[in-house]
Amino acid sequence: MGMTMSEKILARHAGLDAVQAGQLVICDLDLVMANDVTGPPSIKEFEKIGRPVFDANKIALIPDHFQPAKDIKSADLAKIMRDFARKNKIKYYFEQGRVGIEHVILPEFGIVAPGMLIIGADSHTCTYGAVNAFSTGVGTTDLAVGLATGKAWFKVPEAINVHLTGEKPSNICGKDVILTLIGKIGVDGALYKALEFTGEGVCELSMTDRLTISNMAIEAGAKAGVFPFDERTKFYVANRAKKPFAPVTADDDAKYCATVEINLSELKPVVALPHLPENVKPVDELGEIKINQVVIGSCTNGRLEDLGIAAGILRGRKVHPDVRCIIIPGSQEIYKEAVHCHWIDIFIDAGCVVSCPTCGPCLGGYMGILSAGERCVSTTNRNFRGRMGHVDSEVYLASPFVAAASAVLGKISTPEEVL
Amino acid sequence: MKIEGKVWRYGDNIDTDVIIPARYLNTFDPAELAKHCMVDIDETFAANVKAGDIMVGGKNFGCGSSREHAPVAIKASGIPVVIAASFARIFYRNGINIGLPLLEIGDDVEKISADDVLKIDTSTGTIENVTTGDIFHAHPLPGFVQEIANAGGLINYIKSKN
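Here the protein sequences come in this chain order: A and B.
Residue numbering for the first sequence follows this note's numbering, beginning at 2 and increasing consecutively.
Residue numbering for the second sequence follows this note's numbering, beginning at 32 and increasing consecutively.
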């Protein structure tokens with residue numbers, strides 16, 4: 002019987018010729034990753050096991066959540082991870098000034114590549130499905146065992162075939178695709194399952210679009226969101242991948258538990274209303290919703306293409322007087338490139354805050370926390386109650402097109418209302 | 032393990048941001064996390080929860096972030112078991128891994144209300160609602176995942192294999 006991409010990667014890493022959905026397997030891991038929130042408790046659990054790290058060259062420790070340290074306790078967390086990284090000679094530890102948001106820099110630096118199996122103590126680890134890897138979020142105990150053994154157990158997931166067709170309109174990006182999908186299937190629509198993207202619509206999507214889409218697979222409950230390997234993937238990873246890699250392709254007779262059709266040509270700019278990513282509505286059906294803040298950044302939409310979209314809208318315009326607009330490049334490379342492109346000039350001239358790379362406000366850490374009753378349009382991934390600050394604040398998830406347009410007009414807007 | 036306790040009842044899609052908001056994640060001390068558990072949807076929980084009380088949620092309990100601080104905060108609050116219609120997968124793994132039994136019972140969860148008293152045998156997955164007289168059976172854990180649960184969590188399980 003044919004296999005999905007997820008089944009093929011799990012089979013390969015379990016040392017088996019074939020696996021089937023539902024099967025329990027123990028797999029060898031290509032990369033084990035944690036951040037400054039999840040790394041320190043993982044290290045504490047790891048030390049209980051009493052073994053050395055399995056392979057210092059296959060571990061990434063990324064201080065991105067509360068760093069540069071937002072307070073003394075966060076500085077202590079960073080120190081625990083830094084000391085551990087030095088002591089164990091961890092290859093992929095990045096200090097402030099060299100670090101970026103974990104799910105932005107690992108693909109950008111080619112540390113993740115097609116066919117790899119990755120666990121990360123961060124739910125958005127599913128991002129790397131965009132480069133044809135199987136990667137999934139775990140907690141600190143799984144991560145600790147991964148650090149010690151290089152292995153993890155998996156229940157091979159059933160896969161939902163997300164079949165993409167049609168041409169993508171110019172005001173639509175990956176964020177609209179994934180929000181539309183979550184709106185259709187719900188926040189538990191892919192619980193315990195993998196999303197696998199197929200169809201001729203895949204080639205319409207840039208790598209940035211794909212990274213955004215895979216990133217939010219978890220917001221439908223999915224274990225992973227895997228894209229096929231095509232010419233765009235090949236081009237993206239060619240000069241990046243640190244090691245030889247082996248892509249996977251789904252068999253023609255692969256078995257999917259369901260199929261969801263998305264015609265890209267029919268998509269409209271959408272937002273997810275508070276307080277769940279499934280509360281998705283087209284922007285043009287919203288009426289007037291005034292806002293106080295815009296955040297453009299995060300592991301979902303903090304890439305160069307995202308900043309370029311925002312710069313295109315903010316060029317020669319001003320952020321609305323009642324709005325704070327916070328721009329957060331996902332990595333130092335992206336920041337530097339945005340400087341070269343004079344996009345940072347555009348942002349500052351428009352009246353935006355520009356921050357160093359950090360997860361910051363996305364999870365209500367710092368750098369843009371909301372007060373009671375405030376509303377934010379954000380390119381981040383979650384709009385749960387209290388996610389970005391006060392329990393009575395609201396987050397509307399949107400693309401960089403919608404976020405930048407909303408920053409200019411002071412209300413949730415489509416790019417067409419500005420351009 | 033046999034447990035008898037009073038129910039704290041919550042709804043669908045209880046996310047890890049409300050179980051333990053990120054503003055408290057600059058520590059991973061269980062007792063400190065327990066002080067803020069559920070605060071954004073239930074300010075009374077942390078002050079009034081008693082050891083042995085039981086938490087019951089709807090579908091997709093524990094969705095969102097992978098933070099293991101969430102099941103740790105629940106466990107450190109004195110809750111020995113969580114029951115839900117379904118669990119988000121990372122939370123589910125985390126619960127098993129830290130030795131917090133999670134019982135999945137589908138739509139039967141609708142027959143449990145706040146302040147009901149439940150009698151639970153986690154080894155068999157049998158749940159008796161003492162208040163209403165209903166009896167439910169949780170879905171069993173597959174294969175060696177049951178062994179991880181029996182060992183009291185993944186670290187104990189791995190150490191037993193050392």
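I should point out that these hints are in silico values taken from the structure, not numbers from a laboratory.
Backbone N, C-alpha and C define an ideal beta-carbon position, used for all residues, glycine too.
There may be inaccurate statements among the hints.
Pair by pair, the computed Cβ-Cβ distance ranges are [what the hints assert, rightly or not]:
| id | chain 1 | residue 1 | chain 2 | residue 2 | range |
| --- | --- | --- | --- | --- | --- |
| 1 | A | Gly-288 | B | Asp-73 | 29 to 37 angstroms |
| 2 | A | Glu-417 | B | Asp-165 | 39 to 47 angstroms |
| 3 | A | Lys-49 | B | Asp-152 | 27 to 35 angstroms |
| 4 | A | Lys-256 | B | Met-32 | 45 to 53 angstroms |
| 5 | B | Asp-73 | A | Asp-252 | 25 to 33 angstroms |
| 6 | A | Glu-48 | B | Thr-75 | 30 to 38 angstroms |
| 7 | A | Gly-51 | B | Ala-78 | 33 to 41 angstroms |
| 8 | A | Arg-316 | B | Thr-75 | 37 to 45 angstroms |
| 9 | A | Lys-49 | B | Lys-150 | 52 to 60 angstroms |
| 10 | B | Thr-75 | A | Ala-373 | 16 to 24 angstroms |
Has the hinted range 45 to 53 angstroms been met by the Cβ atoms of Lys-256 (chain A) and Met-32 (chain B)? Given about 38 angstroms between the Cβ atoms, the range is violated.
Taking the Cβ atom of Arg-316 (chain A) and the Cβ atom of Thr-75 (chain B), is their distance within the range 37 to 45 angstroms? violated (51 angstroms)
With 33 to 41 angstroms as the target window, see if Gly-51 (chain A) and Ala-78 (chain B) comply at their CB atoms. Between Gly-51 (chain A) and Ala-78 (chain B), where Cβ atoms are some 39 angstroms apart, the hint holds.
Regarding Glu-417 (chain A) and Asp-165 (chain B), is the given constraint of 39 to 47 angstroms on their beta-carbon distance met? violated (55 angstroms)
Whether the CB-CB distance between Thr-75 (chain B) and Ala-373 (chain A) falls inside 16 to 24 angstroms: holds (20 angstroms)
Note whether the CB distance of Asp-73 (chain B) and Asp-252 (chain A) lies within 25 to 33 angstroms or breaks it. violated (48 angstroms)
Range hint 52 to 60 angstroms (beta carbons of Lys-49 (chain A) and Lys-150 (chain B)) holds or violated: At roughly 33 angstroms between Cβ atoms, Lys-150 (chain B) and Lys-49 (chain A) fall outside 52 to 60 angstroms, so the hint is violated.
Quick check on a hinted range of 30 to 38 angstroms for Glu-48 (chain A) and Thr-75 (chain B), using CB atoms only. Holds, at about 37 angstroms.
So does Lys-49 (chain A) sit 27 to 35 angstroms from Asp-152 (chain B), Cβ to Cβ? holds (29 angstroms)
Gly-288 (chain A) paired with Asp-73 (chain B), Cβ distance criterion 29 to 37 angstroms: holds (32 angstroms)
Consistency with the previously given hints fails for numbers 2, 4, 5, 8, 9, ordered from lowest to highest.
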